[in-house]
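Novice: Residue strings, one per chain:
2 protein chains.
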Amino acid sequence: VTKLYDKERILRLLTYKGILLRFKTMGFIRVFSDNIAEALDISSSLVRKDFGIFGISGNQKGGYHIDNILGKINGILGTNEMQKVILVGAGRIGQALLHYKGFENDGINIVAGFDTNPLIINERTEVPVYPIDKLREFVKKQKIKIAVIAVPELMALPTFEILKEAGIKGILNFTPTKIKNSSGIIINHMNIEHELANLIYFVNQDLSQEQNVIPQISN
Amino acid sequence: VTKLYDKERILRLLTYKGILLRFKTMGFIRVFSDNIAEALDISSSLVRKDFGIFGISGNQKGGYHIDNILGKINGILGTNEMQKVILVGAGRIGQALLHYKGFENDGINIVAGFDTNPLIINERTEVPVYPIDKLREFVKKQKIKIAVIAVPELMALPTFEILKEAGIKGILNFTPTKIKNSSGIIINHMNIEHELANLIYFVNQDLSQEQNVIPQISN
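Chains as they are written, first to last, in this note's numbering: chain A, 177 to 395; chain B, 177 to 395.
Derived from the structure by calculation, the hints contain no laboratory data. Note that the Cβ used here is the ideal one computed from N, Cα and C, for glycine as well. It is possible that part of the hints are untrue.
Said to hold, decoys possible - Mimicking BS3-like on lysine-lysine, the simulated pairs with C-alpha atoms at most 27 Å apart in a straight line are:
#1 K354(A) to K277(B)
#2 K354(A) to K225(B)
#3 K354(A) to K200(B)
#4 K277(A) to K225(B)
#5 K319(B) to K340(B)
#6 K356(A) to K183(A)
#7 K277(A) to K200(B)
What the hints assert, rightly or not - Here are the in silico distance ranges between beta carbons for each label pair:
#8 R206(B) to P307(A): 40 to 46 Å
#9 T292(B) to L295(A): 29 to 35 Å
#10 T292(A) to K316(B): 20 to 26 Å
#11 N298(A) to N364(B): 32 to 38 Å
#12 T301(A) to N357(B): 36 to 42 Å
Kindly produce the complete structure, drawing on both the sequences and the hints.
Specialist: Next up, the structure:
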């Protein structure tokens, strides 16, 4: 039976994996929940609770063996085998993602890009960029389930339709277009503008509150 | 007195702004909460509740005047005036952000990049890229409060220290490094790998559950 964990917990699991890989490169063989908690600025009881829920066990004295935890985490995430991902829209953001080297640790392999611009299409680059009309066949042949959308905003909806037709099951959407989805496809949004605007809002609130602080009376 | 709204609500406000701008370019002058709700795939009662909390009023019959709502939203977000932002790390992701045209609607202006690589530093480009040792002076002179970090992972912590020293108040961090922060600086993380790995996890769960579905008996 498959257990479904919530998104926050899975994101935390990915963070644990990242920090454990870093501990490992530093020569550590075992870690304690306190090590992980301090590095991530969270409570060690949360780390232990998460590990309990995921069935990761250690002992109070000896801590956790890093390789054991990593194997368990990879098993849960399904990242023991590489996951093939395609990208649609090989403009600046798209090109940056195609050439990004950091995905491998998380079992992610961007195997191809697709675009409509003949100047961008190039099948001989390290990660080939094909014309968009080859997408459907490629997805079927390679059994691709995941796609990244990094097209201009106006192309977001037509691109979604193409991906849906091709049988894609999950989409990471870098456009600001919120895609209405009644097809069971999982869509995650990476809205850079909104994250930045959000940050600006909270920084400005913080600064205006600083100015309103009641001065301390020293005695 | 300054009201502090939670992050989810502010992100929704940004989404409202995006869809209202799109309605406006389509020639709309007024909208109803149902229009917004349908376009965003949320309930219209949530839209009305948000508008109520933000003090945006309309009337049942005539709906809301788009320009009125936009003015109000910009007032809340502080995006009536442009917010100057700097970027550290002008590699592929950084360059993509420096050239991204979508920020203006949200009142965001990336005014400069900073890097250590002499091949990347170029003060004559549309958005100049300066050597990192000019950052502090630039931040002070231009009164910059917000920075984006798009450096290689190992440079994340030293970059954070430089930004802290310079007096930066808010950081959008594109590196996978989780920055421990006891300095009151607001740090938002954009972790592309983790979003993608998270998506892969949920898609795989979905697919394995599909295979377990009890077949319908047709009669």
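Novice: A separate judgement is required for each hint: does it hold in the structure or not?
Specialist: Hints, verified against the model:
1. With a C-alpha separation of about 18 Å, the suggested pairing of K354(A) with K277(B) holds against the 27 Å cut-off.
2. At roughly 20 Å between alpha-carbon atoms, K354(A) and K225(B) fall within 27 Å of each other, so this suggested pair holds.
3. Taking the CA atoms of K354(A) and K200(B), the gap is about 17 Å. The hint holds against a cut of 27 Å.
4. Restraint check: the Cα-Cα separation between K277(A) and K225(B) comes to about 44 Å, which exceeds 27 Å; the hinted pair is violated.
5. Taking the CA atoms of K319(B) and K340(B), the gap is about 14 Å. The hint holds against a cut of 27 Å.
6. The straight-line distance between the Cα atoms of K356(A) and K183(A) is roughly 20 Å, inside the 27 Å bound, and the hint therefore holds.
7. Note on K277(A) and K200(B): the hinted pairing is violated, with a Cα-Cα distance of about 41 Å set against a maximum of 27 Å.
8. Taking the beta carbon of each, R206(B) and P307(A) are about 42 Å apart, inside 40 to 46 Å as hinted.
9. With their beta carbons about 31 Å apart, T292(B) and L295(A) fall inside the hinted range of 29 to 35 Å.
10. At about 45 Å, the beta-carbon gap between T292(A) and K316(B) misses the expected band of 20 to 26 Å.
11. The supplied range of 32 to 38 Å is met by N298(A) and N364(B), whose beta-carbon atoms lie about 34 Å from each other.
12. Here the CB-CB span from T301(A) to N357(B) is close to 39 Å, well matched to the stated 36 to 42 Å.
The structure shown violates the earlier hints numbered 4, 7 and 10.
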